[in-house]
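Peer 1: Sequences and hints are given; from them, build the entire structure.
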Amino acid sequence: MFRYYKPHTINELSELKAKYDSKLLSGGTDLMVKMRAKVINPEVVIDTKGLEKEEITFDGSKIRIPLNTTYDDLLSNNEFCDRFPMVVDIIKQIGSPQIRNRATPIGNIGNASPAGDFLLATYLFHGYAEIKPSNKKVRIHQLIDGPGRLRLKPEEFIYSIELKERKGFKYYYEKVGKRNAMNIAIISLGVLVKLDGEIIEEIKIAYGSVGPTVVRFKDIEDGVIGKKFSKELFEELAEKYYERINPITDVRATADYRKKMVKNLMLKSYYNLNKN
Amino acid sequence: MIIKFKLNGKDVEFDVLEHKRALDFLRDDMRMTSVKEGCGEGECGACTIILNGKNVNSCMVLAVELDGQEVWTLEGLNEIGDTKIQDAYIEKGAIQCGFCTPGFIMSTKVLLDKNPNPSEEEIKEGLEGNLCRCTGYTKIIEAVKFAARGEK
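Protein chains in written order, with the working numbering: chain A, 1 to 276; chain B, 277 to 428.
You may find that some hints are simply not true.
What the hints assert, rightly or not - Simulated pairs of lysine-lysine, DSSO-like, Cα-Cα distance not exceeding 27 Å:
1) LYS132/A to LYS170/A
2) LYS282/B to LYS6/A
3) LYS240/A to LYS275/A
4) LYS330/B to LYS6/A
5) LYS23/A to LYS296/B
6) LYS170/A to LYS204/A
7) LYS286/B to LYS6/A
8) LYS421/B to LYS92/A
9) LYS49/A to LYS421/B
10) LYS53/A to LYS330/B
Claimed, not checked - Among the chain A residues that face chain B by a calculated CB cut under 10 Å, a handful are:
11) PHE2
12) THR29
13) ALA37
14) VAL45
15) ASP47
16) LYS49
17) LYS53
18) ASP72
19) LYS92
20) GLY95
21) PRO97
22) GLN98
23) ILE99
24) ALA103
Because the hints were derived from the structure by calculation, they are not lab data.
For every residue, glycine included, the Cβ atom is placed at its ideal position computed from N, Cα and C.
Peer 2: Here it is, written out as structure tokens:
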């Protein structure tokens, strides 16, 4: 039995958040389920939709996605779809139309789930979060403290996020689950690669659902820059990630299965990236 | 908390409990019994309503969130005589126990409003948030195609 507030200004929202044991409600697709299952029991629910809804905007190579933007809003934005095809692929695999009509990218980050599909995208697209009321801008991966935990002060909340376009990159994304719709990843992998001829100029690799948060190893990525894009190289990469990633067993899959998939998906990514 | 919203084209005002879900409010208080609870966690789509032109799971919406919004349930489509989709489901035998049907019809409505001539793939994507445990979906897909072509 919570109380419900719908503040209309940033300050009001921030004061409520600091004062009560609260949860923010925007899309509610996770919050409503968790409250019903009594996984969480907040004293107060703060509806963020009272704040004026801002438009999705573009500035050079960046997109700004404000609070209360839904996945459907993003998919309905032609410029976003043209410039962020990999993120479109990721979003299309989230939930169902009903979920995408309500759920929000910022909510996905707020949940800080290791299986967060949009959260994985922010690791690959140089994601920044704008924090109110302090007006700080922080890298999204630095906000995540662990499953369900954000490094925010009690009065702070995510007001908008920013992603950087990846022009000239090929991409591969795969989410392994038990069915197509309404799937929570057993493991997911996103790879972005920019080639100069056959030489790797830039590469970004992120795994979901295999650690307490999205997994990305900058040193491994840096180690392959300047090398030839080849099957042998991806076999090496598969071994490296296999050695370093230690997933857990949960309701969706065993640790052993996930570990094998860490390797197999990396090999699969080579064949898929090589194709297009 | 008093909420005012448009239900099936009519203005409605009601005092709702803050923690009540839109699903329970619409079904129990407004007697919109086409809105059904299946899973209660957004998986099955039996509680699908149309909120501001979009299909959503009413189990994931608070009743208070309906304030100022526009809601349609299957009852409303019947009232205004918009039964093309229902007729197509009946014609094609896309109904067995019927529990999932109102949710399917609401999702079909949104799909066809957005895309009057969807491909089979687009139908599957549009209805992927609704589960049916009887039909095997073939007849449902046929019904959506039938409704889209506007055949009588």
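Peer 1: All the hints need checking, so say for each whether the structure fits it.
Peer 2: Here is how each hint holds up against the structure:
1. LYS132/A to LYS170/A: Measuring from Cα to Cα gives roughly 34 Å; hence the hint is violated.
2. LYS282/B to LYS6/A: It holds: about 20 Å lies between the C-alpha atoms, which stays within 27 Å.
3. LYS240/A to LYS275/A: holds (23 Å)
4. LYS330/B to LYS6/A: Since the Cα atoms of LYS330/B and LYS6/A sit roughly 22 Å apart, the hinted pair holds (cutoff 27 Å).
5. LYS23/A to LYS296/B: holds (16 Å)
6. LYS170/A to LYS204/A: holds (11 Å)
7. LYS286/B to LYS6/A: Roughly 24 Å between the alpha carbons, so the hint for LYS286/B and LYS6/A holds.
8. LYS421/B to LYS92/A: holds (23 Å)
9. LYS49/A to LYS421/B: Cα-Cα ~36 Å, so violated.
10. LYS53/A to LYS330/B: Roughly 17 Å separates the two Cα atoms, so the pair holds.
11. PHE2: Holds, because the Cβ-Cβ distance from PHE2/A to chain B comes to roughly 6 Å (cut-off 10 Å).
12. THR29: holds (5 Å)
13. ALA37: holds (8 Å)
14. VAL45: With Cβ-Cβ at 8 Å, under 10 Å, it holds.
15. ASP47: For ASP47/A, the interface hint holds, since the closest Cβ of chain B sits about 7 Å away, which is under 10 Å.
16. LYS49: Because about 7 Å separates LYS49/A from the closest Cβ in chain B, which is inside the 10 Å limit, the hint holds.
17. LYS53: violated (12 Å)
18. ASP72: holds (7 Å)
19. LYS92: For LYS92/A, the interface hint holds, since the closest Cβ of chain B sits about 8 Å away, which is under 10 Å.
20. GLY95: It holds, given that the least Cβ distance between GLY95/A and chain B is near 7 Å, below 10 Å.
21. PRO97: Cβ of PRO97/A sits 5 Å from chain B, so the hint holds.
22. GLN98: OK, holds: GLN98/A within 10 Å of chain B, min 4 Å.
23. ILE99: With a minimum Cβ separation of about 6 Å from chain B (threshold 10 Å), the hint on ILE99/A holds.
24. ALA103: With a closest approach of 9 Å, the ALA103/A hint holds.
Hint check: violations occur at hints 1, 9 and 17; the rest are consistent with the structure.
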